[in-house]
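One letter stands for each residue in the lines below.
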Amino acid sequence: MGLVATSRVKSPWILHYCTGGCNGCDIEILACLTPLYDVERFGILNIGNPKHADLLVVTGPVNWKNADVLKNLYEQMPAPKMVMAVGACACGGGVFHNCYNTLGGVDKVIPVDVYVRGCAARPEAVIDGVVAALDKLAGLGRGEG
Amino acid sequence: MTLTTVLTALGALVLAPLAGGLLYGIDRKVTARLQGRMGPPVVQPFYDFFKLAAKKRMMTSRGSGVWAWAYLLLTMTAFALFFLGQDLLVVVLVLAFAGGALAYGAFAVRSPYAHLGAHRELLQMAAYEPILLLTVVMFAMETGSFTVCGVLAAAGPLLPALPLTFLAVLIALGIKMRKSPFDIAACEHAHQEIVRGVYTEYSGRYLALIELAHWYELVLVLAVVALFWAQPLWVGALIAAGVFLLELFVDNLAARLRWSWMVTAGWGLGIGFIMINMVLLRWLA
Numbered sequence: 001m002g003l004v005a006t007s008r009v010k011s012p013w014i015l016h017y018c019t020g021g022c023n024g025c026d027i028e029i030l031a032c033l034t035p036l037y038d039v040e041r042f043g044i045l046n047i048g049n050p051k052h053a054d055l056l057v058v059t060g061p062v063n064w065k066n067a068d069v070l071k072n073l074y075e076q077m078p079a080p081k082m083v084m085a086v087g088a089c090a091c092g093g094g095v096f097h098n099c100y101n102t103l104g105g106v107d108k109v110i111p112v113d114v115y116v117r118g119c120a121a122r123p124e125a126v127i128d129g130v131v132a133a134l135d136k137l138a139g140l141g142r143g144e145g
Numbered sequence: 001m002t003l004t005t006v007l008t009a010l011g012a013l014v015l016a017p018l019a020g021g022l023l024y025g026i027d028r029k030v031t032a033r034l035q036g037r038m039g040p041p042v043v044q045p046f047y048d049f050f051k052l053a054a055k056k057r058m059m060t061s062r063g064s065g066v067w068a069w070a071y072l073l074l075t076m077t078a079f080a081l082f083f084l085g086q087d088l089l090v091v092v093l094v095l096a097f098a099g100g101a102l103a104y105g106a107f108a109v110r111s112p113y114a115h116l117g118a119h120r121e122l123l124q125m126a127a128y129e130p131i132l133l134l135t136v137v138m139f140a141m142e143t144g145s146f147t148v149c150g151v152l153a154a155a156g157p158l159l160p161a162l163p164l165t166f167l168a169v170l171i172a173l174g175i176k177m178r179k180s181p182f183d184i185a186a187c188e189h190a191h192q193e194i195v196r197g198v199y200t201e202y203s204g205r206y207l208a209l210i211e212l213a214h215w216y217e218l219v220l221v222l223a224v225v226a227l228f229w230a231q232p233l234w235v236g237a238l239i240a241a242g243v244f245l246l247e248l249f250v251d252n253l254a255a256r257l258r259w260s261w262m263v264t265a266g267w268g269l270g271i272g273f274i275m276i277n278m279v280l281l282r283w284l285a
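Residue numbers (my numbering), protein chains in the order written: chain L, 1 to 145; chain A, 1 to 285.
If you're looking for bench data, these hints aren't it; they were derived computationally from the structure. Glycine included, every Cβ here is placed at the ideal spot set by N, Cα and C. Wrong hints could be hidden among the right ones.
Subject to a maximum C-alpha distance of 30 Å in a straight line, what follows is the list of computed BS3-like cross-link-like pairs (lysine-lysine) [said to hold, decoys possible]: (1) L:K71 / L:K108; (2) L:K65 / A:K29; (3) L:K108 / A:K29; (4) L:K136 / L:K71; (5) L:K71 / A:K29; (6) A:K29 / L:K136; (7) L:K136 / A:K56; (8) L:K10 / A:K56; (9) L:K136 / L:K10; (10) A:K29 / A:K56; (11) L:K10 / L:K71; (12) L:K65 / L:K108; (13) L:K108 / L:K136.
Okay, the calculated beta carbon distance ranges per label pair [said to hold, decoys possible]: (14) L:N98 / A:P41: 57 to 65 Å; (15) A:L3 / L:V69: 54 to 62 Å; (16) L:E124 / A:F249: 31 to 39 Å; (17) A:T264 / L:R117: 48 to 56 Å; (18) L:E75 / A:F249: 57 to 65 Å; (19) L:D128 / A:K56: 21 to 29 Å; (20) A:C149 / L:V69: 52 to 60 Å; (21) A:V43 / L:Y100: 20 to 28 Å; (22) L:E124 / A:R258: 35 to 43 Å; (23) L:E75 / A:P163: 54 to 62 Å; (24) A:R258 / L:L3: 40 to 48 Å; (25) A:P163 / L:A138: 50 to 58 Å; (26) A:A153 / L:L3: 39 to 47 Å; (27) L:N72 / A:R62: 18 to 26 Å.
My request is simple: use the sequences and hints to build the entire structure.
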């Protein structure tokens, strides 16, 4: 891998957006930042700004109100960028499946690279998902994404 | 200006990004350890830099791109002037213009977050600029010269005569390094009070330019600290390293202060210390 490819894998900055789930997955994502999991050792930073982010982590089923917000956030991220859907709701609607107010999954609005299952997804699964996304970003082709 | 001086300045210009990047890497590692975490590798700032530099270019305003370049080039100018042994007043003023450029770039876009950050950045500068300028005046009072060469050629170290000025410079260093309790415009790390403050609208390679300028700035400010003990210079370098570590501890011990406290600390304590130092020197002399 070249210098730039290595740097991309070593420094993924995450933008976290919740599209109206129960906050269970959000808590688990934030748990990754705590000393127990400490994702900063892999260079992962939770950054609050789409213009600085490399990886968009979405939780919750997308509803009609925030689909535009999600699309807007995605478009503000400079390429190369990845999208990770965390939890059952983000993957396919989950418990909100077929509700009249939800769209049923992040991939109805923006392209998703990695799906992390679970209700709520465990921090280990979230970290696994990030690794899969980075493999895909590096073009190694051994990710699950 | 001899050939040696020019070569020193060129060498410093090339080596400073390496040193600055490593210092920020040490910063992140020490901070993580103080918080009971492993922390990223020491070379993490370089990964961040190359990743940012290779991202697709996205600009909300052409002005902000120009100002990001201005920030880097002006910082490098101040840096080169310092290592050429030139006038410290000019160095401080060019550095001030560089800091202003960062804020003007944030003003060039319409994002309220960027504007808020830019206002705070200018406020930070208002808090620490008088300290740096008065420190240079104190150097001149002690050595009879405003230049770096003059300080280096002085008979003995300055710290025994200027202890209170040194304390004031520590306050300025905290503000300049954007560390708690003075990180109000935007923090280097993932603090998100006002999204990213002054950096909100900079992205990709422009953010990388700003990172690079920060590395130069850090080395330059630490070099100013080292001037307090320039005979021999390695003692000054040790003092600068100690001050850098002290700053990391303070960053982790202190909570962020309101902006009014920062101005109070900068003007009240900082300028107060220097004034007392000045009066004592005159009185003893």
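Here is what the structure says about each hint:
Proximity of K71 of chain L to K108 of chain L is assessed by CA-CA distance (about 11 Å); at most 30 Å being required, the pair is judged to hold. Only pairs whose Cα atoms come within 30 Å are accepted, and K65 of chain L paired with K29 of chain A is rejected, the gap being roughly 41 Å. Of the pairs offered as hints, the one joining K108 of chain L and K29 of chain A is violated, with about 40 Å between alpha carbons and a cut-off of 30 Å exceeded. Between K136 of chain L and K71 of chain L, the direct Cα distance comes to roughly 22 Å. Compliance with the 30 Å bound is thereby established for this hinted pair.
The suggested pairing of K71 of chain L with K29 of chain A is violated, with an alpha-carbon distance near 35 Å, which exceeds 30 Å. The straight-line distance between the Cα atoms of K29 of chain A and K136 of chain L is roughly 28 Å, inside the 30 Å bound, and the hint therefore holds. Under the criterion of a C-alpha separation no larger than 30 Å, the hint pairing K136 of chain L with K56 of chain A is consistent with the structure, at around 18 Å. Proximity of K10 of chain L to K56 of chain A is assessed by CA-CA distance (about 18 Å); at most 30 Å being required, the pair is judged to hold.
Taken as a hint, the K136 of chain L and K10 of chain L pair is honoured in the structure, with Cα atoms around 13 Å apart against an allowance of 30 Å. Taking the CA atoms of K29 of chain A and K56 of chain A, the gap is about 29 Å. The hint holds against a cut of 30 Å. For the proposed pair K10 of chain L and K71 of chain L, the alpha carbon gap of about 26 Å is at most 30 Å, so the pair holds. This hinted pair checks out: K65 of chain L and K108 of chain L have alpha carbons roughly 14 Å apart, not beyond 30 Å.
The suggested pairing of K108 of chain L with K136 of chain L holds, with an alpha-carbon distance near 21 Å, which does not exceed 30 Å. Taking the beta carbon of each, N98 of chain L and P41 of chain A are about 46 Å apart, not inside 57 to 65 Å as hinted. Evaluation of the 54 to 62 Å hint for L3 of chain A and V69 of chain L yields a pass: the beta carbon distance comes to about 60 Å. Distance hint check: the CB atoms of E124 of chain L and F249 of chain A are about 33 Å apart, consistent with the given range 31 to 39 Å.
Distance hint check for T264 of chain A and R117 of chain L: the Cβ-Cβ separation is about 53 Å, which falls inside the suggested range of 48 to 56 Å. At roughly 42 Å, the beta-carbon separation of E75 of chain L and F249 of chain A lies outside the given 57 to 65 Å, and the hint is violated. Distance hint check for D128 of chain L and K56 of chain A: the Cβ-Cβ separation is about 27 Å, which falls inside the suggested range of 21 to 29 Å. Range check, C149 of chain A to V69 of chain L: Cβ separation about 58 Å, and the 52 to 60 Å hint holds.
As the Cβ distance of V43 of chain A to Y100 of chain L is approximately 51 Å, the hint placing it in 20 to 28 Å is violated. As the Cβ distance of E124 of chain L to R258 of chain A is approximately 40 Å, the hint placing it in 35 to 43 Å holds. Separated by about 55 Å at the C-beta atoms, E75 of chain L and P163 of chain A satisfy the suggested range of 54 to 62 Å. For R258 of chain A and L3 of chain L, the hinted distance range of 40 to 48 Å is satisfied, since their beta carbons lie about 42 Å from each other.
As the Cβ distance of P163 of chain A to A138 of chain L is approximately 53 Å, the hint placing it in 50 to 58 Å holds. Between A153 of chain A and L3 of chain L the CB atoms are about 42 Å apart, so this pair conforms to the stated range of 39 to 47 Å. For the pair N72 of chain L and R62 of chain A, the supplied restraint of 18 to 26 Å holds, since their beta-carbon distance comes to about 22 Å.
Checked against the numbered hints given earlier, this structure breaks hints 2, 3, 5, 14, 18, 21; the rest are met.
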